[in-house]
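S.K.: These protein sequence lines map, in sequence, to chains H, G and X. When the first sequence is numbered by this note's numbering, its final residue is 1386 and no position is left out of the sequence of numbers. When the second sequence is numbered by this note's numbering, its final residue is 321 and no position is left out of the sequence of numbers. When the third sequence is numbered by this note's numbering, its final residue is 328 and no position is left out of the sequence of numbers.
FYI, nobody ran anything at the bench for these hints, they're computed from the structure. No experiment lies behind these values; they were computed from the predicted model shown. Keep in mind that the hints are not guaranteed to be accurate.
Mimicking DSBU-like on lysine-lysine, the simulated pairs with C-alpha atoms at most 35 Å apart in a straight line are [unchecked claim]:
| # | chain 1 | residue 1 | chain 2 | residue 2 |
| --- | --- | --- | --- | --- |
| 1 | H | 1278 | H | 1207 |
| 2 | G | 163 | H | 1251 |
| 3 | H | 1285 | H | 1255 |
| 4 | G | 193 | X | 120 |
| 5 | X | 242 | H | 1060 |
| 6 | H | 1184 | G | 163 |
| 7 | X | 242 | H | 1029 |
| 8 | X | 242 | H | 1083 |
Example chain X residues on the side facing chain G (calculated, C-beta under 10 Å, incomplete) [unchecked claim]:
| # | residue |
| --- | --- |
| 9 | 175 |
| 10 | 178 |
| 11 | 195 |
| 12 | 290 |
| 13 | 291 |
| 14 | 294 |
| 15 | 298 |
| 16 | 299 |
| 17 | 315 |
| 18 | 316 |
| 19 | 317 |
| 20 | 318 |
| 21 | 319 |
Don't be surprised by glycine CBs; every beta carbon is placed ideally from N, CA and C.
Here is what each chain is made of, one letter per residue.
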Amino acid sequence: MRRRALWHSGLVAMLIGIGIGAGPALAADEIVLGSAISQTGKYAREGKFYVDAYTLAVDAINKAGGVKVGGKPYKLVLKLYDDQSDPNLSVRLFTRLVTSDKVNFLLGPYSSGITIPASSVSEKYEVPMVQGGGASGKIFDRGYKYIFGTLPKAEFYFQAAIEAAAKREPRVQTAALLYSNEAFDRSVAEGARQWLKEQRIDKVYDEEYQPATQDFTSILAVLKSKNPDLVLLAGHEENSLNFIRQAQAADVSPKMMVFTVGPPTGDFRKTLGKAAEYIYGITPWLPDMEIGGEIFKSAREFAKQFQDRFGYEADYHVASGAADVLVYKFAIEKAGVLEPKKVRDALATLDVETLYGRVKFEASGQIAMGQVLVQIQDGKLVPVYAFGKTLGKAVYPMPAWGQRK
Amino acid sequence: MLALQVLINGILLGGLYGLMALGMSLIWGVMNIVNIAHGALIMLGAYLTFWLFTLWGWDPFVSLPVTIALLFVYGYCLQRYLLNLIVRAQLFLTLLITFGVEVVMVNLVRVAWSSDLRQVTPAYAGAHFKVGGITVPYVRLWVFLTTVILSVTFLLILEKTRLGRAIRATSEELRAARLAGIPVAHIYAITFGLGAALAGAAGGLWGMLFPITPIMGGGLTLKSFVVAVLGGLGTMMGAIVGGLVLGIAESFSATYLGPTYPNAISFGLLVLILIVRPTGLVGRRGSA
Amino acid sequence: MKTRWAPVAAGVVVLAVLAAAPAALSPFLVQFLINLFMLAALAESWNIIGGFTGYASFGNVAFFGVGAYATGILLTRAAWPLALALPAGGAVAMLFAGLIGMPILRLKGHYFAIATLGVAETMREIVYNLEITGAGTGLVMPISRSPIPFFYLMLGILVAATLVNRWLSASRFGYGLIAIREDEDAAAAMGINTPLYKTLAFALSGAFAGLAGGVFADWITFIDPDGVFKVSTTIQMIIMAVFGGMGTVVGPLLGAVVLASISELLSTQLVSLAELFNGLVVILVVLFMPKGLAEFIRKREFSVRQLVRNLREYRV
């Protein structure tokens, strides 16, 4: 009987311990930005960009005097969890950030697939979330008031690429569309179908694949037999890497190959080496664009600071992530208080120039920004086409694998 | 022409599936242990091949014997000092414990080597040759040939050597084997070691084709199930036949139905076979 | 079996305290308890087919997922209120379990386990591919402000599942299941309609898992195939039931309370560590206490000697 009582009191003590231990101590003069970001799992590569970007931006803002609220300077503090690229874990972690850690505001996760459910948490608890990792229109078409995004709409991602393809000599006649069974990529594909139709390019292949797919040989066999001029792939970096390698082994070389994720990232180009040449990518940001603002005077300065600190090239993910932190500074200072609703209103009406470009959120909460089509030449990104203008010379058609130096 | 390419692709990969399932079928057949950690053993083999390649530049085909030996030792110890403790327990407890082993292995690897994607890319990775309109990547061909060599070697060990006879005796009639003086605990451990070695070899080969992550094993365990059950549990030939069948089925379904179908088809096949003919394509009736 | 009043009274008191509690507790604790109730309900539901009937299913998460998606689809695509969508979801799960049980319960041992695993994986792949389930993107439910209704719902499902287990332990149907577990051929010879009993048990098991899934879907506001068809969910159910004591009434509940609490404590620190812990627990429990806590509680002793005896019991 005594042993049983020991058991029972042990259980109760454990439960109380959890209940009590779950409240943090909030320091004064601090603004806590919380997020669950993919540090492990299939999005780990991209997630790292955001962790580093958030860190750099927070440090830069603090160094420049922090955030002024009602005349008093506040320090920015980051609280980050690892969502392991799992949307379910993300929901739990964001709930914890809001209810248990009681952070002030939220920064977004990476990927539309995770941002869609995570933003339900911010909406439920009425705490603003500014994210730079999810581009699908589906994040923003639910009428939510507390979600803001700095990536332009996924549905428009392939627009520049397809327009450019139609302008090539010889003209691109046929295209293959390949996309991952995930929110972002499906949105990209939806838009792509529309642009292909507009440009009167024949769609000879339109297939979805499982995100965990590692073997593209069957797909490549079909592509080889259909021989499309243009191949559009919407997937995350791992998919792009595998696809290229296996395309090389299967000797599939279309005239033009465009990926949504990969080419702008230095890591992608380094991993693939020569195999990455002539592939096209899409980015809303390049370090030598003529943009800049407070804290980071120019995109170039930001890129240099980032490279110096973290040892790798900044791409648009990084710039987008840094911008997310920056807009909080501007919005909080504009609102003058830390109240979530007021800051939310300030975000909604924000219009400011930053290292990332002009940040102004539309009514849905998503930014409107153009994309630039770039091509990898000699390991570097060369802007080729944007806003109806040809920006640079593209190598077209892509030389076949066997004919490369 | 497309169909022929698809068939070739299926066969090349199917051989590897067969090798993967061979180890699982062996362990299941001899000790009635369904090894859920099978995929984790494959994963370990892949990582070993990766580290030998990355740290010391060993060509993955060359380092395969090392991987096989190391996995054999690991498997032997796992059986001898852990799994031998529950061999006579209810079936589902053995299933459960191998689940636990899988989780522990995967998470230790995660902590030690991170979840970053790894890839083994020797210089010849993208090379291919063409034969009458069919493109065959060299690596896939060599992987296939290696699986053939390993499978045949293993089958010979099982059929022709004293050790093989001892293993088969233990699996068929445990008590008689004991009476004949066969050290059962040791034989079990060797059997598991062999199964792990096969899994490790399959992992090393897999790592040459696909990215390596700590969680790559889960899907491969399930695939091995499908293959082993498809072919007939406990029959070695069955594993090989099952592997080829699955490889071809996946290749054709991915090409003609769509890339999202292969997995659904393999699991659906699993359930169907279990309901309709649990002994598999090659296995004898009544041995379920 | 004589009813022991002390534990029943204790249970009622705890229940009353919990039922009155939610508004007073920290939001974090409420979340934790809802999750705990869910895991305990799942463990109790698994106990029906695994503990009482002796058919260790490794795919019960399939019913959890089917219930979650059925409820989710009704909530989002058909705009049903939860009061209707939830029972409907549970009914779909129950029906599914019954239908799939008919062919699958003819298998035994490993084959049954693998087949159930195959069912769960097949369901995941199917859901991944259908538009109506949102495919890879999943489903997002309408937002609700307060977790309190979910607290009561999940608690209610847990209580119901436990009561069913209690009923099984003292009813003819339950005795029939136990007979099947002990010696299925003898049970059939005694005139028990074994296929019917097994299928009913499977359907009951699926019903509660499905209901838990339905509540989960609306509580978390988001479900996707990888989240609700996780193999590790079934393993959690099983290990909690085993740890507490398979085939007993409150064993699974007890197992859930202890294991979920420890896991939660760990996961506040390092999520990877929590998983490692789960894996170790599985290994240790199978080695040292396969009959669960209930064995120790019944024998009123918890000695190292018993642990060692368990360790030796099944070896080569």
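S.K.: Give a verdict on every hint.
M.R.: Consistency of the hints with the structure:
no. : hint            : result
1   : H/1278 x H/1207 : 49 Å, violated
2   : G/163 x H/1251  : 29 Å, holds
3   : H/1285 x H/1255 : 25 Å, holds
4   : G/193 x X/120   : 33 Å, holds
5   : X/242 x H/1060  : 28 Å, holds
6   : H/1184 x G/163  : 28 Å, holds
7   : X/242 x H/1029  : 26 Å, holds
8   : X/242 x H/1083  : 30 Å, holds
9   : 175             : 26 Å, violated
10  : 178             : 24 Å, violated
11  : 195             : 14 Å, violated
12  : 290             : 6 Å, holds
13  : 291             : 3 Å, holds
14  : 294             : 3 Å, holds
15  : 298             : 4 Å, holds
16  : 299             : 6 Å, holds
17  : 315             : 19 Å, violated
18  : 316             : 17 Å, violated
19  : 317             : 17 Å, violated
20  : 318             : 16 Å, violated
21  : 319             : 13 Å, violated
The structure does not agree with the numbered hints 1, 9, 10, 11, 17, 18, 19, 20 and 21 stated previously, though it agrees with the rest.
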